[in-house]
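Here is what each chain is made of, one letter per residue.
There are 2 protein chains.
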Amino acid sequence: MNKLYIIKIGGNVLDDEPSLKKFLKDFASIQAPKILIHGGGKIATKLGDQLGIQSNYVKGRRVTDAETLDLVTMVYGGLVNKQIVAQLQEWHCNAMGVTGADGNLIKAVKRPVGETDFGFVGDITTDSVNSTLLYFLLKQNVIPIFAPLTHANGTMLNTNADTIASVLAISLSKHFDVRLIFCFEKTGVLQDVKDEKSVITNLNKSTYLKLLKEGSFHDGILPKLENAFNAIESGVKEVLIGEHTNLLANTSYETKGTLITLS
Amino acid sequence: MNKLYIIKIGGNVLDDEPSLKKFLKDFASIQAPKILIHGGGKIATKLGDQLGIQSNYVKGRRVTDAETLDLVTMVYGGLVNKQIVAQLQEWHCNAMGVTGADGNLIKAVKRPVGETDFGFVGDITTDSVNSTLLYFLLKQNVIPIFAPLTHANGTMLNTNADTIASVLAISLSKHFDVRLIFCFEKTGVLQDVKDEKSVITNLNKSTYLKLLKEGSFHDGILPKLENAFNAIESGVKEVLIGEHTNLLANTSYETKGTLITLS
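Just so you know, the protein sequences line up as chains A and B, in that order.
When you line the first sequence up against numbering that gives the first Met the number 0, it's residues 0 to 262, in that order.
When you line the second sequence up against numbering that gives the first Met the number 0, it's residues 0 to 262, in that order.
You may find that some hints are simply not true.
Identical copies carry no separate label here, and so any pair may be met within one copy or between two of them.
As the list claims (entries may be wrong) - Here are the simulated lysine to aspartate or glutamate pairs, EDC-like style, with alpha carbons at most 16 angstroms apart: (1) Lys-45 to Glu-66; (2) Lys-109 to Glu-89; (3) Lys-20 to Glu-89; (4) Lys-106 to Glu-89; (5) Lys-212 to Glu-16; (6) Lys-209 to Glu-66; (7) Lys-185 to Glu-242; (8) Lys-204 to Asp-176; (9) Lys-255 to Glu-225; (10) Lys-2 to Asp-116; (11) Lys-45 to Asp-15; (12) Lys-24 to Asp-126; (13) Lys-58 to Asp-126; (14) Lys-24 to Glu-114.
These are calculated hints, taken from the structure and not from any lab test.
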C-alpha cells in the first residue's frame, strides 16, 4: 500500500507566522499523499474578546454556544484555513481547505446533553468519515486541509482536532499505510520530562506497558499516548509524536520524534 | 452534453434566513449537476463595524485593505459558506464549500495598481479556472459552493461573485450545456421597469440589439445584460436572469425569468 501522512498542528505553530511559513513550506515539499489538520490558535480568543463573546468553561472544557460556534466557523473554517491553503498553493501544493461538512467528509453526532451541555460540539467515530471521497481527492493529487469542524442536522459543530486526525488515520488505513504525526511543543515523548534530549525514539506496546507500570510518563503525555495506541490498534501503521520543526525528518526514515508502532 | 446549472445568489437572499432556507431546499432538489456562487450580504459590514474596520470606497467601489481581506475571508469563506454547506447537507445535497484557492479552482491576478489601488482584489479570466478538478468533483456528485474569493501569490483575494459565476460558466461549457442563472431582486428583465409583470421571457441577440437601440432597458440592467451576452457568445448555452423564489421554475422548461440565448 502507498504511504499517507496525516499531520496535526496546533496553536504553537499557527500563532507564530515565521514558524507557520517554514512548516507549510516543509509540508508542501513532502513527496507523498498527505492530509493536514489544524487547530485554531489564539486568534479565535482574540477576536472573540473584540466582539464581546465570553469564553465559557465547564470543568476546564470550553462550551460552544451559538455565538462561539459562529466565531470558530469564521476563524477556523475561514481565516486560518484559507490562509494556510493560499500559502500552500504558492508552494505548489494543491491544497483544498475543508471542514467535515464539506463533501460530508466527517459527519458527527451532536454531543448529548449529560451533566453538562457542551453546546455545538460534534462527537465522531471512524464510521463518520467519507473515506471514498477523501481517497478520490488524494488520487487527484488534491491535499485536504481540515479545520476542526464537523456537522450534523444542518449545523456546523466544533470538534477536537486531535480526534479528527485519529479518526481520519484509522479510517484511511484501509487504503494506505498511514503515519499519523502529532506536532507538539516537545521533540518527542521524553524519558525524563526535564531533559529534551531523552526522547524515546521507538515505542511499541510492550515497552509502553512496561514504562507505564514504572510510572515513567509525565501526566501531560498520557492522553496522547492512549490516543496513539488506540490508533495503532485500530489499523494505523505508525504514530509519530514530535516537533513541527522536525517535520521533514519525521516524514523520512531518520525520525527525530517518538515513533509508535504495535510491535 | 449533460446540463449544468450555475447559480449566483446575492445579499437579498443571504440576509433573510427564511428566504435562504427555502432557496437552499429548492437548490438541493434540482436533479442535475449544479454549482452555487454566493456573495457576502450585510453580515460582513455588520461585523466590520463591530471590529472597527472602516469601509473605504473609491468611486463607489470598495477597497480591500489587509483588514478587510481578513474580514471577508472569515465571513464569506467561513461563516456564510459553511452555514450554506451544513444546511445543504441536511437536504441530502453533497455540497462542498470552496474558494478559488481550494484545489487551485480559480487562480487570479491581483489587480494592478492604476489610478486607484483597490488592494487585495483578484481579476480572473476563463483561463483562471481548474475545470478538470471541477468536472471531476461534479462526476462524484459533489456540489461546489463558491465563496467570492480567489488567490494569487500566497494570498487570498476578494473577487466579484457575478464575475466568478460567468467565468465558471464559460469555462465549464466545454463539458456541459450550461444554464447560468443570476438570481436578483426582480422577476426578470422588464420591458417596463415599473411593471413587474412586463418580464421579457426570451431575449436573443438580435432582439437585444433592437431594444437597446430603442433605449428600452433601465440603466441598472445594462451591465447584467452585457455580462450575459458576453457569456452566451463565449459558449454558455443559456443565461437566465430571475428571482430566487422562482429557482425551480427557472431550472425547468417553464421559466419565469428572462432566458437569454444567442439566437
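(message) Need the list of violated hint numbers for this structure, in ascending order.
(response) Hint check: 5, 6, 8, 9, 10, 12, 13 and 14 fail, others pass.
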